Amino acid sequence: MHEYSIVQALLTQCEDIATQNEATSVSSIEIKIGAMSGVESHLLKIAFDTFKEGTICDFAELIIRKQPLKISCNECGNEIELESPLYKCTKCESLDVKVIDGEDMYLMRLEME
Amino acid sequence: MCTDCGCSIRGKDGHDHHHDHHHGNHGQILDNPHLNDPKTITVIQKILDKNDHEAMHNRAHLDSHKVLGINLMSSPGSGKTTLLEHLKDVCDFNYGVIEGDLETNKDADRLKAKNIQAIQIQTGSACHLDAFMVHKGLHDLQLDDIDVCFVENVGNLVCPASYDVGTHLNVVLVSIPEGEDKIAKYPVMFRKADLIIFTKVDLLPHFTYDIEKEKAVARSLKPNVDILEISIKDKDSLKAFAQWIDFKRKMRG
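Line order of the protein sequences matches chains Y and B. Just so we're aligned: 113 in my numbering is position 113 of the first sequence, and the numbers increase by one with no gaps anywhere. Just so we're aligned: 98 in my numbering is position 98 of the second sequence, and the numbers increase by one with no gaps anywhere.
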């Protein structure tokens, strides 16, 4: 249940940005959650709705964009989104692949008033 | 410690103003002049940004003392503490341990009984260690007396995987009695591993456990992962772990 810790980090981050921009409330937060980030989107949503109370994000809507695992092949240049975590090029079967997206959690966009 | 940020005298909220220069590397804030009231801004910033920054700080601190940091992760009961108790008998380097558990000092006490420097962190209800908790632990460890610092994370194959605690390497243990498919079921954790250790392998004859199949799954997640099989009853298998650590120490100069 580390989703609670992640939400706390997210709320602090939103508060910092809102203060920097002299906003009084945050109305919408868009985040990107990688398929291999180790976080469950629905648990994150529940944690967010629990912890936002009394913060600057009290009335904010949380928009979660799920990011599939995305790799590029260093051998043939193939760029693909993977459905399961098999780190292998689907075209030439090379194991020499680079992760482009899908392993991290990002705050992407904030709407505030 | 913390000669650069002075956190030990400033308390817990003293980090931000010193570290603004780092944030430009992985985050940017763009104002959109066409959108006013409500104001929309695009922020591309990792949610665990503050943790990651603290982790960098921990790593730099270990580097300055020429100490190799190893984050030890696994489910509860797979043998992290036992491995650390027995490693001492076969290795030439000195090590200390930062112990993370929800409650009790039992693990740290077990290590201290073997004359291993150990600091216990009780996380309360937290299911993982983060870089801030490890930072506190580092304050209490005598780094000049050790070559390797283990962070024994909370027994859990899920939550610790999301947190960089500021070590150099991740070692993930999986014991034979836990049963097959643990690696496939917890891909995020095993993807993070630099070394996977199968523990309690002396029990293999008593379990239906296809260890070669498990290794293949591990390498589909991480093709270049190192793998060792260990039983504390077999000193040579423990020595192999000590040699792996020695090799990694040399590679860091």
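Some clues are possibly wrong.
Per the computed footprint, the stretches of chain Y lying under chain B, defined by three or more beta-carbons under 8 angstroms from a beta-carbon of chain B, are [claimed, not checked]:
#, stretch
1, 18-27
2, 31-39
3, 48-62
4, 65-73
5, 77-90
Derived from the structure by calculation, the hints contain no laboratory data. Since we're looking at a predicted model, the values are computed, not measured. Note that beta-carbon positions come from the ideal geometry of N, C-alpha and C, so glycine has one too.
Going down the list of hints, with the structure as the test:
Interface restraint, the stretch 18-27 of chain Y with chain B: holds (4 residues with C-beta to C-beta distance below 8 angstroms; minimum three). Residues of the stretch 31-39 of chain Y lying with their CB closer than 8 angstroms to a CB of chain B number 5, which satisfies the three-residue condition for coverage. Interface restraint, the stretch 48-62 of chain Y with chain B: violated (0 residues with C-beta to C-beta distance below 8 angstroms; minimum three). Counting residues of the stretch 65-73 of chain Y whose CB lies closer than 8 angstroms to any CB of chain B gives 0, so the stated coverage by that chain is violated, three being the minimum.
Counting residues of the stretch 77-90 of chain Y whose beta-carbon sits less than 8 angstroms from any beta-carbon of chain B gives 4, enough to reach three: the coverage restraint holds.
This entry does not satisfy hints 3, 4, going by the numbered hints stated previously.
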